[in-house]
Amino acid sequence: MTFRKYLVLAGITLFAATGDSLLSHGMKQVGSISLSHWTSVIFAVLNPSVALGILLLLGFFISYATALSWADLTYVLPASSLGYVLLALIAKFFLHEHVTATRWLGIALISSGVGFVTQGPALTHRQSGSSSGGQASKPFGTRTLP
Amino acid sequence: MKDAYTWGAILVIVLASSTGDVLLSRAMKQIGDVGKYSRRAGLLAVVGRVVRNPFFLFGLVTMALAFYSLLFALSWADVSLVGPASASLTFVANAIAGKIFLHEQVDHRRWMAALMVAGGVALLAG
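Line by line, the protein sequences give chains A and B.
Here this note's numbering is used: position 143 in the first sequence is 1214, and no number is missing along the way.
Here this note's numbering is used: position 86 in the second sequence is 735, and no number is missing along the way.
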């Protein structure tokens, strides 16, 4: 893993957390949409918060696709899940919600899960085509194919 | 009644987004490291190649479906329920899907990570 790649993972985290917060903020303004008026969900994207949220989620999508081009799905997802921790911190410091002990425990659990998976290899299968191999070190106990 | 709608929307989000994740991952693996590729052939070539990949396009459709179900769910319930609930279920669904459809080496470390993150996200909802 190079510094650039960690930056991409950080980008996923930041864009997802801020995008989701804005989306939620905007949908609170739009209000409840009933299934019989489902078309109003299309106009929900005209709300400024929702629109900005979508823009940020576009940034998320680009960094996400980039990460998936060099790492496993089961690596990228946990590795970028620090966004939920960020979301809780945004809730505490910007939306002034009370963060309970259970939530702090959840934050600790997510953080250790992230630390856990980023210790391992990013890519686990085939991919011998790209030059110099990258960091696809074989995990312990993997059978080498003839 | 609204509860049933919310959980229905969450189920759609989980199924659609994990399908989208698998398809997108498949597409990006076919294309290869976009950083290296764009240094060699330019950014436009990368974008052109990505948007013409059929797995990518299917993935985009399922992700759009997940996105609209998310908007519905957010209009019915709090983000502190919808976000964690759909995310933690998606983590577990993806660990299974990654193993079955993408043949990724989901070792103990990754199972543990997926379960820890899913558990942590569930606790955030509490």
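The hints are simulated quantities; they were obtained by calculation from the structure and are not laboratory data.
Cβ atoms here follow ideal geometry from the backbone N, Cα and C, with glycine treated the same way.
Incorrect hints may appear among the rest.
[Said to hold, decoys possible] Each computed SDA-like pair below joins lysine to any residue, with the alpha-carbon atoms no more than 20 Å apart:
id	chain 1	residue 1	chain 2	residue 2
1	A	1163	B	771
2	A	1076	B	696
3	A	1076	B	661
4	A	1099	B	720
5	B	651	A	1105
6	B	651	A	1187
7	A	1163	B	727
8	B	748	A	1194
9	B	651	B	661
10	A	1076	B	771
[To be verified] Residues of chain B clear of chain A, computed beta-carbon distances all greater than 10 Å:
id	residue
11	661
12	681
13	717
14	748
15	751
[Said to hold, decoys possible] If you want the footprint, here are the derived chain A segments under chain B, 3+ residues with CB under 8 Å:
id	stretch
16	1082 to 1089
17	1149 to 1163
Taking the hints in turn, this is what the structure says about them:
{"no.": "1", "hint": "1163(A) <-> 771(B)", "in the structure": "holds, 18 Å"}
{"no.": "2", "hint": "1076(A) <-> 696(B)", "in the structure": "holds, 19 Å"}
{"no.": "3", "hint": "1076(A) <-> 661(B)", "in the structure": "violated, 31 Å"}
{"no.": "4", "hint": "1099(A) <-> 720(B)", "in the structure": "holds, 10 Å"}
{"no.": "5", "hint": "651(B) <-> 1105(A)", "in the structure": "holds, 10 Å"}
{"no.": "6", "hint": "651(B) <-> 1187(A)", "in the structure": "violated, 38 Å"}
{"no.": "7", "hint": "1163(A) <-> 727(B)", "in the structure": "holds, 16 Å"}
{"no.": "8", "hint": "748(B) <-> 1194(A)", "in the structure": "holds, 13 Å"}
{"no.": "9", "hint": "651(B) <-> 661(B)", "in the structure": "holds, 15 Å"}
{"no.": "10", "hint": "1076(A) <-> 771(B)", "in the structure": "violated, 28 Å"}
{"no.": "11", "hint": "661", "in the structure": "holds, 13 Å"}
{"no.": "12", "hint": "681", "in the structure": "violated, 6 Å"}
{"no.": "13", "hint": "717", "in the structure": "violated, 6 Å"}
{"no.": "14", "hint": "748", "in the structure": "violated, 8 Å"}
{"no.": "15", "hint": "751", "in the structure": "violated, 6 Å"}
{"no.": "16", "hint": "1082 to 1089", "in the structure": "violated (count 0)"}
{"no.": "17", "hint": "1149 to 1163", "in the structure": "holds (count 6)"}
This entry does not satisfy hints 3, 6, 10, 12, 13, 14, 15 and 16, going by the numbered hints stated previously.
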